Amino acid sequence: MSGNRAMLDVAQQSAAAETPVAGERRADWLRVLAKIPVYALMVLLAITTLFPFYYMLSTSLMSVNDVYTYPPHLIPPDPLWENYVRIWTTLPFARFMLNSLIHSFGVMLGRLVIVTMAGYAFARILFPGRNIVFLGFLAFMMIPDAVMLVASFVIVNSLGWVDTYLALIIPGLTYVWGIFLMRQYFMTLPISLEDAARIDGANELTIFGRIFIPLAKPAILVVLLFSFTQTWKAFLWPLIVTRSLPMRTVEVGIALLSDEYFTDFPLQMTASVLVSLPLILLFFFTQNYFMEGINLAGTNK
Amino acid sequence: MKNSIFSPLSRWGWLLLLVVAATAVALGIVVQTSRQQTLTIAEEQAQIDASLMRRWFDQERQLRTVQAAQLAAQLTPDADLASLLAAAGLDEQLSYAAWLDSDGSTRAAPQTEVVPEDVTALPIFRAISSLGAATEFFGGGSGVALLSMAAIDESRGGGVLILQFPLDEARLAAVAERPVLFLAYDTQQPLSSSSPELLTTPPQLEPVLLREVATSQQARSVIAPLGGSRAIVGLAALPDFANLGFSGYLALVEPAPAAMGLIPQWLYGTLIAASLLILLVGCLLVQRQLRGYLDDYPALSVAERRGNKLRMGGIFVLFLVPALCAGGYMLWRTGDATLHLNTRTARIANHAVTDVTERLGAQVAQFVENGSAARALQAAEGESLQERVSAYQQEIRFDFVVVAQDGEVVSSAITELSADELDALRALGAGGADPLVPGGGALLAAKQRIDEQTTVSAGYFLSGWLTPFTDGTSTEATLLHGGSIDFTTLNSVQRAALSERDQIMERAEERPGEPFRNTIGWNENTMIASAPALGGEDGPRILLSQENTAYANATTTYHAEGVAILVLLIVIAIVSLIVVFTQDQPLKLNRIVVGYLFLLPAIVWLIWWKLGPALFTIYLSLHKWSVLDPTRPFVGLHNYRLLFADERFWNAMINTVIYLIQIPIGMAISLALALVLNQKLRGIRILRTIYYIPAVTSLVVVALMWRWIYNKDFGILNYLLSFLNLGPYGWLQSVQLAMPSIMIMAIWLGLGARMLLFLAGLQSISDEYYDAASVDGATGWSRFRFITFPLLMPTTFFVLITSVIGSFQVFTPVYVLTGGGPAGSTDVAVHRIYFEAWQNLRFGYASAETVVLFVCLFALTILQFRYFGERVDYVR
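Residue numbers (numbering that gives the first Met the number 0), protein chains in the order written: chain A, 0 to 300; chain B, 0 to 875.
It should be emphasised that the hints constitute simulated quantities derived from the structure, not laboratory data.
None of the values given here were measured: they were computed from a predicted structure.
Worth double-checking, as some hints may not be accurate.
Selected chain B positions facing chain A (Cβ under 8 Å, derived; list incomplete) [said to hold, decoys possible]: (1) His480; (2) Tyr595; (3) Val699; (4) Leu703; (5) Phe713; (6) Phe853; (7) Cys855.
In the DMTMM-like style, the derived pairs of lysine to aspartate or glutamate whose C-alpha atoms are separated by at most 20 Å in a straight line are [stated by the list, open to error]: (8) B:Lys711 - A:Glu291; (9) B:Lys711 - A:Asp77; (10) B:Lys587 - A:Asp263; (11) A:Lys216 - A:Asp199; (12) B:Lys679 - B:Asp645; (13) B:Lys679 - B:Asp770; (14) B:Lys679 - B:Glu767; (15) B:Lys587 - A:Glu291; (16) A:Lys216 - A:Glu291; (17) B:Lys679 - B:Asp775.
The beta carbon of each residue, even a glycine, is placed where N, CA and C say it ideally should be.
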């Protein structure tokens with residue numbers, strides 16, 4: 000809890016820094032006027048960003064006949080909510096969603112264990128070889144994922160994992176960036192914490208599980224969020240290691256079926272809306288953590 | 000001791016627990032993986048066995064059909080079937096023979112009296128009756144049999160001859176060394192089996208699997224326990240039963256314990272128990288030693304302390320030796336097993352070839368003796384000699400029939416005979432049956448004199464009846480005669496390699512029918528068997544050879560696991576030794592143990608899924624590798640040679656580099672926007688959220704969205720452009736526009752996220768710098784040039800690095816938007832790799848592409864690090 004509160008404090012401070020102080024709020028309307036072009040630019044940028052999403056949403060509410068007209072409709076002439084019912088029956092969409100959820104949560108939970116443990120070891124335990132091993136870990140970050148593709152598949156195939164959840168989850172379990180992040184976070188915590196616990200007779204596991212994990216909640220949340228979005232968005236690996244339709248994740252499913260239902264653009268857009276909705280909602284509710292992650296990523300390197 | 004961080008246990012108790020647990024886990028993994036590997040080997044073995052069995056079975060069927068046709072040709076309404084059968088030497092082999100007259104009555108069934116009703120009910124029975132042709136099929140019903148049918152045409156009284164050759168378990172087992180079951184399934188219901196008790200308790204074979212085996216026509220490994228202590232381990236479908244409404248399968252049967260592993264279960268159990276016991280005793284010993292040591296510790300001299308440590312280290316090493324021996328034993332057993340498999344497969348192949356050779360030889364000889372050709376070739380009205388020969392050839396299914404009448408040759412053949420071969424036939428004495436090996440081809444022929452002017456010869460091409468053994472398998476056949484190669488299915492390289500190895504050919508000639516191992520050629524062909532061929536001692540020899548790589552691969556992984564066990568045990572040893580030698584610094588020891596334990600999952604994972612695949616990629620790139628084909632020969636740098644000459648790959652690389660252009664453009668736009676927006680603005684938090692939305696949306700969705708926007712006829716982009724009197728453009732259909740379209744999408748996608756990164760970077764620059772600069776009179780551009788830009792360098796660098804690495808691996812937008820097209824204009828590196836590996840199944844080649852991609856990417860990363868690294872440091 001205390002971790003959350005610290006995070007909130009930080010957020011509030013930065014919010015306070017952004018709001019103009021009372022002195023400046025005195026009606027200097029000329030300066031406000033000067034900012035109008037800037038605001039216009041901001042809004043224009045927002046429109047550019049949001050327009051494709053709006054277009055996706057509006058297309059998802061059209062019928063096929065509405066879509067194939069020229070000039071194109073920007074507003075669905077007759078909103079067709081039926082598409083959102085049809086999608087669950089036309090495609091094995093529920094199964095796709097389930098697969099994606101299993102994939103994302105599996106990877107997320109696995110990473111939670113591995114990443115926090117490794118980050119903790121690097122930050123708080125002084126053992127010989129720590130720096131060399133850490134450098135080795137960072138070196139692995141330099142190897143891009145595409146390089147592993149073929150070989151990983153051959154390994155997965157020889158293990159007989161193709162078309163199983165194992166093939167989706169196991170190869171995604173470690174997240175070096177997350178280890179790095181956790182290490183940085185654990186390093187900021189005061190050393191007196193574990194000393195006090197140790198005097199009370201706590202062992203290493205207790206210190207880790209009872210003291211550091213609760214304190215590291217904000218960082219863990221960032222790692223979990225990034226893991227979840229990353230995994231949910233994954234495309235190439237699930238495309239390769241799943242074969243049968245009932246094992247496809249939602250991303251792969253809609254990409255493959257988009258060719259089959261090529262002419263049914265509204266249905267494609269309906270699927271797209273439903274696929275992106277979980278991520279966008281998640282983002283809306285946890286954006287502070289996201290921004291924290293971006294800032295950490297941008298400045299720590 | 001009070002300070003011990005493992006308070007509930009003593010240090011040594013903890014250590015003991017650790018060592019025992021690690022060993023148990025290691026041995027558990029060994030048992031599990033070696034069992035799996037055994038199954039892999041069993042699978043390949045089953046595939047080879049089953050495919051050889053199938054080929055043998057096909058030959059058998061063909062042969063029986065020929066026999067049935069020949070018999071039918073001799074039958075007349077008043078003939079005595081029993082004596083005819085005896086004359087053909089078939090009475091011993093048959094379990095059933097009947098002649099059904101066209102009126103439906105049955106005659107002359109020597110072994111059984113009743114024609115099974117289900118046979119006459121089969122549609123094929125009626126079809127044969129009307130066609131007058133010989134055919135073969137596998138009959139289900141009351142027993143397992145290989146049935147042959149031949150119709151006798153109307154002129155000879157009509158009717159159908161049915162010969163039933165028993166195909167019991169013993170007979171099948173005689174071919175393979177392992178017992179083979181014969182199963183017939185009517186989709187899910189067992190119809191018949193060579194093991195009758197299986198009909199009452201059918202083996203647990205999944206209908207899905209049966210269907211898959213039947214449709215793919217490939218052998219599969221299965222584990223289906225039968226009654227008692229047996230299990231089905233391999234399953235192969237027999238072809239051509241679909242029209243009968245059921246499927247036939249050959250199932251390889253093993254004793255159940257053997258089916259589960261090459262090394263018996265009890266041995267595993269004993270090994271594990273023994274290793275654990277040894278380790279336990281060792282740990283207890285060390286613990287006792289240590290306790291005494293620590294009690295005396297203050298009183299001991301330095302030399303005594305060192306001696307004590309060494310003694311304890313010695314004990315560790317001592318009790319690790321048995322464990323290492325166990326690992327070594329498994330390795331040794333693996334090699335042994337492989338050798339055994341090789342020779343066994345050789346024997347099966349040998350047996351199958353010999354069997355067929357002998358039968359065909361006997362058949363040719365029979366052709367000479369029984370004079371059936373004369374009757375068959377008797378002229379019917381209005382029929383030319385050519386037509387009669389063709390009809391005869393079809394009926395008896397020899398590869399060719401040649402009739403010579405006063406020097407005039409009329410031949411009917413699947414492949415026309417060459418002049419050389421005709422000469423050889425002429426030289427063959429009438430009434431003789433001989434293997435003829437003229438020129439490059441080879442044939443088994445016999446000649447029969449019909450009257451003073453006319454002779455008829457018939458026979459088989461070697462290539463014709465040897466190909467079933469070589470088609471679709473890694474087995475190759477070579478015909479040796481007099482020290483030279485007469486016919487071979489080897490490719491030119493292998494053939495050349497074989498010619499150079501005289502001793503192989505000599506051995507095959509000298510000791511026929513004996514399997515042996517020898518390697519030829521660049522891809523490790525192992526010669527495994529030579530069979531006696533045609534015409535006894537002096538006749539040509541057939542040499543069967545097999546690509547060894549399938550086995551090599553199976554055992555390589557098996558060996559790798561054996562090595563892994565050894566490595567693991569050595570790691571345990573090292574850990575134990577570290578423990579012993581740091582035991583007077585308990586805190587340090589605890590830190591080592593705890594630190595590495597916390598890192599263990601991450602380290603294991605990184606080695607398995609990062610380091611391992613990275614090295615494995617290089618290994619793969621040196622091999623020809625397909626998931627479907629078990630032979631994976633080492634080809635050296637061949638893939639790379641192909642790669643450097645492959646225009647499509649370089650096109651993809653160039654496209655990838657072109658795609659990188661979007662990075663500086665996108666970054667410049669984002670930076671400009673960030674500079675403008677770097678002010679105290681209301682509502683920036685909401686907008687910040689909005690700008691970041693594309694970054695949390697999946698690429699597939701974004702690409703689908705833009706595919707719709709880019710749509711040529713109904714897309715919004717062309718509609719907007721039409722207001723400017725532009726277009727319509729086929730964004731994704733045009734070679735010029737497709738790549739820029741993807742780039743525009745990428746810029747849009749990265750815009751918000753990059754801008755936010757720049758904003759974060761800008762806001763971390765302290766106002767003091769600007770204040771100081773404005774004192775110096777810097778404004779506008781110079782402020783940006785000398786303060787903002789250098790101080791923003793870490794962010795810029797980060798954005799650039801991640802963008803380049805990401806863009807080099809771009810795949811999803813290309814896959815969804817264009818699929819690499821049109822005309823390869825958007826084909827990027829990863830897409831190329833994907834295509835080669837998962838469409839063309841060229842994993843080795845795709846790995847070579849990956850290696851080249853990695854080298855490019857790595858060089859780029861290093862370059863960027865070097866170039867920017869200095870500046871970044873300078874700024875800090």
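Evaluated hints:
no.	hint	verdict
1	His480	violated, 43 Å
2	Tyr595	holds, 7 Å
3	Val699	holds, 5 Å
4	Leu703	holds, 5 Å
5	Phe713	holds, 6 Å
6	Phe853	holds, 5 Å
7	Cys855	violated, 11 Å
8	B:Lys711 - A:Glu291	violated, 41 Å
9	B:Lys711 - A:Asp77	violated, 24 Å
10	B:Lys587 - A:Asp263	violated, 66 Å
11	A:Lys216 - A:Asp199	violated, 23 Å
12	B:Lys679 - B:Asp645	violated, 55 Å
13	B:Lys679 - B:Asp770	holds, 17 Å
14	B:Lys679 - B:Glu767	holds, 17 Å
15	B:Lys587 - A:Glu291	violated, 36 Å
16	A:Lys216 - A:Glu291	holds, 13 Å
17	B:Lys679 - B:Asp775	violated, 24 Å
Violated hints, listed in ascending order, are 1, 7, 8, 9, 10, 11, 12, 15, 17; each of the other numbered hints is respected by the structure.
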